[in-house]
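Guided by the hints, dock chain S onto chain P, whose structure is given.
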Amino acid sequence: MTDTNRERRRTRETAFYLFTQQSLPACKPVLTPGWVITIFLCMGLIFIPVGLVTLRASHSVVEIVDRYDIECVPEPFRIDKISYIQDDSIPKNCSRFMKVHKYMKAPIYIYYQLDNYYQNHRRYVKSRSDKQLLHGRKYHDTSSCQPVELNDGQPIVPCGLIAWSLFNDSFTFIRERAELKVNRKNIAWKSDRDHKFGKSVRPFNFQNGTLIGGGKLNPKIPLSDQEDLIVWMRTSALPSFRKLYGRIEEDLDADDVIVVNLINNYNTYSFGGKKKLVLSTSNWLGGKNDFLGHACVVIGSSSLILAIVFTLLHLKYRRPYGDTSYLPWNRKSLSG
Amino acid sequence: MAAATSRRRKEKIRWSKLYSFASCFRPLTSEERLAGREVIGQPGFSRAVFCNEPHLHDRKPYKYPCNNISTTKYNVLSFLPRALFEQFRRVANFYFLLAAVFSLLSLAPFSRASLIAPLVFVVGISMLKEAVEDWHRFLQDLDVNNQTVKTRLSDGVFVDKSWKELRVGDVVKVYKDEYFPSDLLLLSSSYEDGVCYVETMNLDGETNLKIKRCLEVSLCLNEDAEFNKFEATVHCEDPNPNLYTFVGNLEFEKKSYPLSPSQLLLRDSKLRNTDYIYGVVIFSGHDTKAVRNSTRSPSKRSRIERKMDHIIYILFSMLVLLSLVSSIGSSQFLSHDMDDWWYLQLQGNNKFLNLDGSNSKKDDDDFFDPSKPEKSAGLQFIRSLILYGYLIPISLYVSIEVVKVLQTMLINKDIELYDEATCKSVQARTSNLNEELGQVDMILSDKTGTLTCNQMEFRKCSIAGISYGGDITDVDLAASMRMNADFEPFEYSMDRTDRATQSFELFEFSVYGFSAQNGNARLSKTEEPVIKGFNFRDDRLMNKNWIHGTNLSDITMFFRVLALCHTGIPIEDDYHKTDKLSYEAESPEEVSFLIASQEFGFQFCRRTQSLMVLKEFDPSCMKEVEREYKLLNLLEFSSSRKRMSVIVSNEDGQILLLCKGADSIIFDRLSDNGRTYKQETALHLLSYAEDGLRTLAFAYREIEAAEYESWNTKFTQAKATIGPEREELLEQGSEMIENNLILLGVVAVEDKLQEGVPECIDKLAQAGLKIWLLTGDKRETAINIGFACSLLRPDMMQFHLSSSREAESNNEVKAMEEDILQQIQSSYKLLCEEGKEAQFGLVIDGKALEIALSGDVKDEFLQLAVNCASVICCRVSPKQKALITRLVKQYTGRTTLAIGDGANDVGMIQEADIGVGISGMEGMQAVMASDFSLPQFRFLEKLLVVHGHWCYQRISKMVLYFVYKNVAFGLTLFYYELYTSFSGEVLYDDWYMTMFNVILTSLPVIALGVLEQDVSSDICLQFPALYQQGPRNIHFSWSRIVGWMLNGVVTSLVIFLANIYILSPTAWQQNGFVADIGSLGTITYTCIIWTVNCQIALITSHFTWIQHLSIWGSILSWYIFLLVYGALPPNLSGNAFHVLIEVIGPAPLYWMITVLVVIVSLLPYFIHIVIQRSFYPMDDHIIQEMEKCFEKDDVRDDRMSFSQQMQQKKLSIYRSVTKPHK
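Line by line, the protein sequences are chains P and S.
Take 1 as the starting number for the first sequence in full-length UniProt numbering and just add one per residue.
Take 1 as the starting number for the second sequence in full-length UniProt numbering and just add one per residue.
Isolated chain P (complex conformation):
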């Protein structure tokens, strides 16, 4: 027992000794030409296939994009789109035709895309109250929601600019006279639904009176089920963004023509933003994303080229490994 103790102490002492004498066993990798060439070759051999696979995956995604913000304003109003969109008396219905150019396998994701919309503006991002979203009117301190905090002295649920400016265009899809079923459930993160938006919190005093911005909410449905709102409130990182609207759970064949009946409510005209409707399939990579594949291929092939160039250079200007005559003080004496 004492022996093992002493033994252990000895080893600890020795380890400490090695540390203080700075002679701990160490791995000292030295970059030799062999290593360099191997590394570059490996990078090339890994990245090119990965890039090709990624590109293939990206190409297998079918995406249809349709910009509708201009087309959906009737000709006469196109001079002054802003007053058109602000005039509640004019019906905002609009129909678009989208042609499927390639077979699309369900689920087909429906996105709306907004451009030049600064959802990441600091004032905008901060203007929400997570606690109110979870606890409802029980939670009183909504000062972070300014300027959409109170209306007529009553708190607004959900408060804040983000909720207030909720996107409110709506889409219906018709294929060959039959309406396509759009699943609008489960478009938001589960954790958001379960933990961030209260199950018993219902909209209150929302988009009321003078304070009307974007979409309205059904005051009977609790916030945790208002998935449009939940998606909208996950603010986008960049001023050009897509948000999930729903899923079409039927396959679409090539050359299908889909009629989109939309209500063009949302005002992007005053700041020159674009509105697009996107239908896209998805795979392990997500949506259509050529950049990653291209980047991998470019990196892989440049690594290969580097490997080759380096090998040639190495053969031409070969430097003996660890040759003392290359040390400057030796070099001096050689020349002198």
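Don't read these hints as lab results, they were simulated from the structure.
None of the values given here were measured: they were computed from a predicted structure.
Here are the simulated lysine to aspartate or glutamate pairs, DMTMM-like style, with alpha carbons at most 20 Å apart: (1) P:K181 / P:E250; (2) S:K1209 / P:E13; (3) P:K274 / S:D339.
Here is chain S on its own, set in the frame of chain P:
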């Protein structure tokens, strides 16, 4: 039996008589006494001390500080404010303080906690360090303050009282070898005449004993009981730092007696050779002269740290620039576009904000007020300043501090820098100069005590024209030692191992053969001298064989001079029960003479005021007889006289003048019949000097009684005179008698070189360091020492600068200046002609140096001097040492290191960039002033070449990496601003950012700073030229700094753009979800963590398990953090809620992005090092490759086991060192 009686007799010797004759040379003149009295009571001289009545000092105005000493910087109360103040004097810290204050005003883009937490962390660690350092000082003080001294209580008994309780007016009794607890007035001592001996080594570094003498009136107070009635008052000067003055008077029994410095015993000096003394406390605690005298050495900053400031300024200007861009951009958006962004509900945007006036008033968002774009821009500017604060490496200073403390610890612990003889190891006294050690360009070294041991050995002598002592010169010895050094077993030895071993064996053999040949004759060089200070082997003189010599009377007289002409005293050595005595004297030379004469059979056994007793071996009766010599006069040694004499009369009444002195002085004073041996002696003298030995010539003369009488009356008169002419009269007096001498011979003593000095200097020279030797010695000695310690080598070209004799004697400054200038110019011309190939040595003497350093010639001289590999300045004063150091530092702008051991080197040590003190024999003065202290000069090699080199590399790598890391991270924040219309939104969660500098990237860089080694220590020592990287500042050049900044820019661009383009706008998951601000931020941040940590793995060339743990652990800790943070309730974790397990973790794209981005962003640096290593390799690269090769070879070699043995040996030393502390 005989020994016992003799010892008893020795005990009765009145030790007090020693030296007392010396003090009679300079009594206080009456004028001085008068002057002293007049000032008492005046301002500055108002102190009153009531002896033996300490209770009177309880009240004002006589309340003086207690004897408690505190060297701490802070106390409990002042610690917080003062330490905080110190911390926020740093620009960077102050900036972060401001940022924290702004965060309280909700100006900041982050949450308060995330701004304040890192600041608290960083400042907290720095303050903790301060506190720990101060705590150590406090413990030291406690040790000092708790020492005890016998103090008289009011009831008359003497009891132990701790130093801190001592009060002014207390009567204390100090015993032999105790330190004085405060400045004491000497009342009486164990000697009847009231003298005592003190050692003032800690004050002025002088090892010789000084005599102090009490007033005659207080002589009677030499017993405890005597103090019952004692009452006296001292009026004296106020506390001041002047060690050598003291003015005051003692009122005792209604009479007033003047006091002088010789009654004052200073704190920090030690009682020697005196059994006890009584004293009264005059100055206590912080009033004592020693404490007043201690100055904090000037704080020095390293070159890298100064350059680091510039980097911080660059980053600051980058910060301001980016903030300006942001604020201008923001105001542009605000005044042109933002009006139309209805979803922001900005003020002045009336499209949606309508009737509800109260509402619009309430939400005053000053940041986005279109009606006041200027104000908004201003606020945005401030917010941006805080936002981009990540460009400023907040943790840089604290990391560097932590690293330096650890580095210091490792330096201090190095077992190879531990001296077993003195049980001292290297001490880094300041931690902020570690890396400066790696950039030293010039070493300025003291000689005595630094290169040499300050231990004289009697080596050779020439008596009556015959030379005795060995033949092998020191130069040979130095050469052979160098060969020995090649076979340092644990050193790397390349393919020439075999050769080295061979030559070593050959050398062994030759020495052996040599001593065998000369068997009975003279030397066996390899033997250690048995007697310290005596390294003399010659059978013709040893073992009393000298009695067979030819000139017996001259030999006897020679030994008498050796035994009598000195100021030493014998000391009984209780440990050796032999009849050998050991001695103490003013200079180590005298000690070696006394030891030598004892060996030759002329034992100097005791001295009294007027008697010197020798045990002589009488050749006529072949036995030892004790002879008494009456000491008539002693003519002191002084540097101007360069000789000393004693006049003694022997038992026959014969009066003899025995004289020793510099050869030139003695030779000038020989009588006509005294020149018998002059020629031979001069020859021997020359050869001794060539061997690097110190020489002294011995002579004597007999004086007629009448002549002596007449001279003595004159001389006594001269001694009695008062005033400025006294010196001159004494000089003349001694001149008269020291004449017509008869030359006896010369002795040669060796100023022994310290162990390993030549090898060390050799290595340092190979490392490209220029070494200057600054010594007070004369030129020949200096040159010889220069050769002996391989400062000068035979293949070197030497320049000698000296002032011509004539000009010097005529004191024509102008002529001398021209002369020197001409010498310098011709030397420089030669130097230029020879070009770079040859090496040069410059020797200059003090007088010439004085001229060379004066205004006009200075530049030319320095130009010449800095181009020489070694420079020897002889006969320089301490002041000149400091002056040279400063001028060289200013002129070259390079890093200088000054090394010395004595009080005379303090100026130089403080002036140089790095001051190194040798903690040798000569007191602590130099060590106290130094930044590093070494027990041995030879340790300088490893300190510089290994530790300095490492620390330089580490710190520069570390700083560069910090710059890179923060630029790379900080810029991504800026890029994101471009996408948010400069509104100040942050891509990352607050806590991610807080963690960045504090946890996620801090440990690897500290590991790098502490453990990185480009090559191992053995290799560093093997290739000292590698050291040149430091002085040339290869690793911290501006091109490198800019390069790393650019690398940071590239990294940030790659990380940011790749993430943006890959993740937006399409879905990035199988379930069709798109990336929001939270997931994009988390993914980008992951890439940053990976990249900066992998980057440090690329920089590191030495991976121990600690590096691995810290680097990969940091990356891992990011994921752990994310898990933990994500598991917190959503109101705490916000966007990061379940982010890893639900959002980003399951997406294959996330992991692919990480890999791709890390590789791409590291690629530029990787390609850079590949090209550099393969085609433009640096020294360390090649040596690393070589090391790798040898490691492979080593496996086959049995040397491996040998090095293991060495490790084991060092380990055992290490254990023995560390054990006692436990």
